Amino acid sequence: MRPSEPERLGGVVRALLSHYWRHRWQAVFLLAGLVAGVALWSAVQIINSHARASYAEADFVLGAQATHWIRSRSGAGVAQADYIALRRAGFRQVFPVVQARVSTADNTPLAIIATDLLALPEGMAGEGDALGGANLDWLAFVQPPYRAWFPPDVARELGVADGAQLELHDGRRLPPAVLAAREQQGRQIFMDVGAALALLGRDTFTALAVGPVSPEVAARLAAALPADLQLDANQQRLDLTQLTASLHTQLTAMSLLSFAVGLFIVFNAVRFSLWYRRPTLRTLRLVGVSVRALALAIVAETLVWSVVGTALGLVAGWGISHALLPSVSASLQNLYGAVVGAELLLDPVTIAIAWGMTLIGLAFALAWPLLLQLRGPVLPGGGASAGVLADARARRVLLIGAGVLALAAVGVYWQMASVIEGFVLLGLVLFAAAWALPQALAGAHRLLGRALAGAPLVQRWIVSDGWAQLPALRTAMMALLLALTANLGVETLVGSFRTALAGWLDQRIGADIYVNSAQLDTRGFVADPDNAGWLAAGHARTGVTLRWQGRPTKVYGLDTTTPDTRALPLAQAVPDALARWAGGERLILANEQAHYLGGLRLGQSVTLPTDDGPIDYTVAGFFHDYGNPYYQFYLPREVLARGWRDVSSTGLALWLKPGVSAETAETALVAAGVQPGEWFAQGDIKRLSMRIFDRTFAMTAAMNMLTLLVAGAALLTALLAIVHERLPEFAQWRALGVTRRELLRVIAVPLALFVTLTWLAAIPLGALLSWLLIHELNVMSFGWSMPMLWSPTPALKLGLLSAGIVALVLVIVLSQLTRKLPQAMAQLGSSQ
Amino acid sequence: MLSFRGVVKRYAQPEGEVTVLGGVDLDIAAGEAVALLGESGSGKSTLLHLAAGLDAPDAGRITVGGQTLAAMDDRALAALRRGTVSLVFQQFHLIGTLSVADNIRFQAALCGRLDAGFEAELIERLGLATQLGKYPHQLSGGQQQRVAIARALLHRPALVLADEPTGNLDERSSGAVMALFRELVKAAGSALLMVTHSRDMADYLDRRLWLREGRLHDAPV
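Note that the protein sequences, when read in sequence, are chains A and B.
Numbered per this note's numbering, the first sequence spans residues 928 to 1759.
Numbered per this note's numbering, the second sequence spans residues 131 to 351.
For the record, the hints were derived by calculation from the structure and aren't laboratory data.
Predicted model only: the values in this text are computed from it and were never measured.
Some hints could be false.
[Said to hold, decoys possible] Here chain A is said to cover these stretches of chain B; the calculated rule only asks that three of the stretch's residues, wherever they fall, bring their Cβ under 8 Å from a Cβ of chain A:
id, region
1, 148-161
2, 181-190
3, 223-229
[Claimed, not checked] If you anchor each label on the Cβ, the simulated ranges turn out as follows:
id, chain 1, residue 1, chain 2, residue 2, range
4, B, ALA186, A, ARG951, 57 to 65 Å
5, A, LEU1223, B, HIS267, 53 to 61 Å
6, B, ARG345, A, ALA1319, 48 to 56 Å
[As the list claims (entries may be wrong)] Pulled a few chain A residues facing chain B out of the computed Cβ check, cut under 8 Å:
id, residue
7, TRP996
8, LEU1152
9, THR1179
10, VAL1385
11, ARG1387
12, ALA1395
13, ASP1439
14, GLY1451
15, LEU1583
16, PRO1585
17, SER1588
18, LEU1663
19, LEU1671
20, ARG1672
21, MET1752
Quick reminder that beta carbons are idealized off the backbone N, C-alpha and C, glycines included.
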């Protein structure tokens, strides 16, 4: 009986797949490439979609979604009686908020936020939801001795165990700790408003927050407020999705790079599986299997790999996303104040896209080369020369492709207007370089061969073996170039940013102490004759928050006479900008974000809504404002006070007289009603800023390292393939008297040569990448500029790391050789 | 030059241990050329591998040029193969990245025994003078085998071990190459142990031995 079509196809698929049973390492590498690519890409996708979901969740804790705030005009806070009166008048959307900064016994600053759980409006994480989500006993929160809700990572940092009462700087103790993670809590410690008032010794709330209300209710509420209270629309409400889009795009770009590097491993593995399967394919065709049946079998094989690779990749991606989430959360919170929760979700869209990308990748890497092989004659001709010619042809095709990509990159560069286009440009540059690399390596190798023409034969042999290795190493070198270039580019970006930030902090954080306290009468404090003995200068800043170009925008009033204002560094300015601005010429200073993201230019007018209607201010200069997602403007303090009569104090900078200790100033501040934790010494701010910076870029470093590891895996795959493919040849060399050391040299020297050339190529490319990142992408993404600082250190570090990877790979390869060579030598001459 | 005393070699097979060589005794004098015949799977190649130190016997003693192989470490064995023993296989295993000239000099360069006069003689007699600048993939099978022979003989090894050296060539080429091979081995002053299953090829050599059921015989059994 003749077998049916599916039976025949099943037989062909089994014959094709049986190859992997005999050559399991090839299956492992094929899977490793797929899994590495899918895992890194999906990890970022999981984090991105999770972060976006987090932004969408309204949350009372930050008050970011409150539609309005009720605040005291005098700064005295909101009396409990006023709050009760409003509730009794039927304003159920109003709830109290107490915010404070305290410091622990070892001076670690802590943010405390408190509200009345029983008063939260419905639909804004009501009583049940607020704690129910974290599966906590909410009744214990609202009754003495209360509970202090710590995010687990903060508790870990502070060494606070469940039920422990954290001691503060002044000996007070927080309520017993409860450790639980919840969306949007961030690094704040949450407690009931009664507990916070008792702890802080206050009888007023910081403010009242208002949940979603209609304009009519808002108008009635404003009318019902006592004289000292005012209703403000919440200008701080953020469109986090819009703000964080750049960062998510960057993460996605990095994950796509990882996916591409993963695909290089697949290409590698497939190349060798193809080489091994040529006889199988030939035999199948010789015994009468049609090209159509083989093509169908190849498609079936591709599907099998795509499903297995995607499934395992997603599982690994899930694990990686858990590991990376703290770093991404830190980046998001530090850059944008956006808080991302701890629960990750894998949505069907991510699964579908991962599978789709894997299929497309496999179609290029596996199915297409297999099908090309089918198109050829049943019996191959040309032998070894065909392989040499095919390699040269492949290099030429890649070089032509590189030229096309480079031209496209130039085209995109001139038209570039968005972050996504910027990343397309980076992708084109990176892949153009990667595709040009094999021909560049061949060229350099040829030159070296010519230079060694008169050298002893053994030396020439060792170097010339590079020609035999290049076809196998080609793909791995491209992957390595991508990883090294990305690492160098990003390292230079981060290094430049860190240096710029440190310099900027040194210039801007010139005062000795910074105070941020709602209780302090800043002007009175500076003018107080009792403080004249230690206080050299005080700069009380005032400010208002409004919306400009649809974004929350801060306008600060600066004292034009203080040292920090006089030395304010400007990135761009009209001539004599600071003096003219201080002279009251209705000039305004804007941060770089307003220039690069808001499109503002020097000399242009900014129209701001003052108490007396819209007023135009002319832009006199742009100042650096690293890490700020908002637009920001500076006006002289008097000008701000004229335009906005209810400005609030936003902080006080204090310069101490020479020889005065910080304790003297701190004693005076405490006497003026400032709580510990509401002031910071200059050094603490700088240290904290740099720590935040490093946390912010932790994710970048992690992704870079993973990409490099994937490239290392590609290198290992290629070398192991070389060893397996050339084992009979190596055995023959050993039979000719080649020692193990010489054999290792033959493998290692060309590899070291190619890795060194790739590393050298990555240095200028990395510089180009960092130039694009700093001067184009960074400006488009975040709106701030910085000088690019190129240092040889990252290149040297990466060189050493690459050498380490090569050494590790060689050790693995050598152990394989030691294990397999004796058998190969014993089989010499039999069935080679 | 080459001596086997009571050499035993066994292989583990799924169906149990198989004794390939069951106590082989063999002596080949300096300059002597011996053909080793036998059916496929009789252990001819195994014997050759043992003689080259590519594999180790389970029992017995093998000496090459008076040196006992069992007493030699990996480095000493490599030195033996590069200077004293030369191997010629059915597959030529030329180094694809080196020119024909460099392939010919390869083993002599490894052991530092280049002899320009003998090199010129080998090249001329093997008809390779016009091929020296080419690369192995540009040569025919017969030409590649001639290069492999030149490589094996240039440093005048004391012992040449050949495994079906003409097995990849057609009948006419085989005869010509074999005759030349025999002459050149003699010119190099080397002893030769050649595995073959062809009596015609064996006829070119001084002595014939048959390997059957793990033992050597002077005549076909």
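Going down the list of hints, with the structure as the test:
1. 148-161: violated (count 0)
2. 181-190: holds (count 3)
3. 223-229: Holds, because 5 residues of the region 223-229 of chain B bring their Cβ atoms closer than 8 Å to Cβ atoms of chain A.
4. ALA186(B) <-> ARG951(A): 57 to 65 Å: violated, 29 Å
5. LEU1223(A) <-> HIS267(B): 53 to 61 Å: This hint is violated: roughly 35 Å between Cβ atoms.
6. ARG345(B) <-> ALA1319(A): 48 to 56 Å: Holds, at about 53 Å.
7. TRP996: For TRP996(A), the interface hint is violated, since the closest Cβ of chain B sits about 76 Å away, which is over 8 Å.
8. LEU1152: LEU1152(A) check fails; min Cβ-Cβ to chain B is 88 Å, beyond 8 Å.
9. THR1179: At about 43 Å, which exceeds the 8 Å cut-off, the nearest Cβ of chain B leaves the hint on THR1179(A) violated.
10. VAL1385: holds, 6 Å
11. ARG1387: holds, 7 Å
12. ALA1395: Check passed: Cβ of ALA1395(A) comes within 5 Å of chain B, closer than 8 Å.
13. ASP1439: violated, 70 Å
14. GLY1451: violated, 86 Å
15. LEU1583: violated, 74 Å
16. PRO1585: violated, 74 Å
17. SER1588: Violated - the Cβ of SER1588(A) stays beyond 8 Å from chain B, reaching only about 73 Å at its closest.
18. LEU1663: holds, 5 Å
19. LEU1671: Given a least distance of 13 Å, the restraint on LEU1671(A) is violated.
20. ARG1672: violated, 13 Å
21. MET1752: holds, 4 Å
When the structure is compared with the earlier hints, violations turn up for hints 1, 4, 5, 7, 8, 9, 13, 14, 15, 16, 17, 19 and 20 and for no others.
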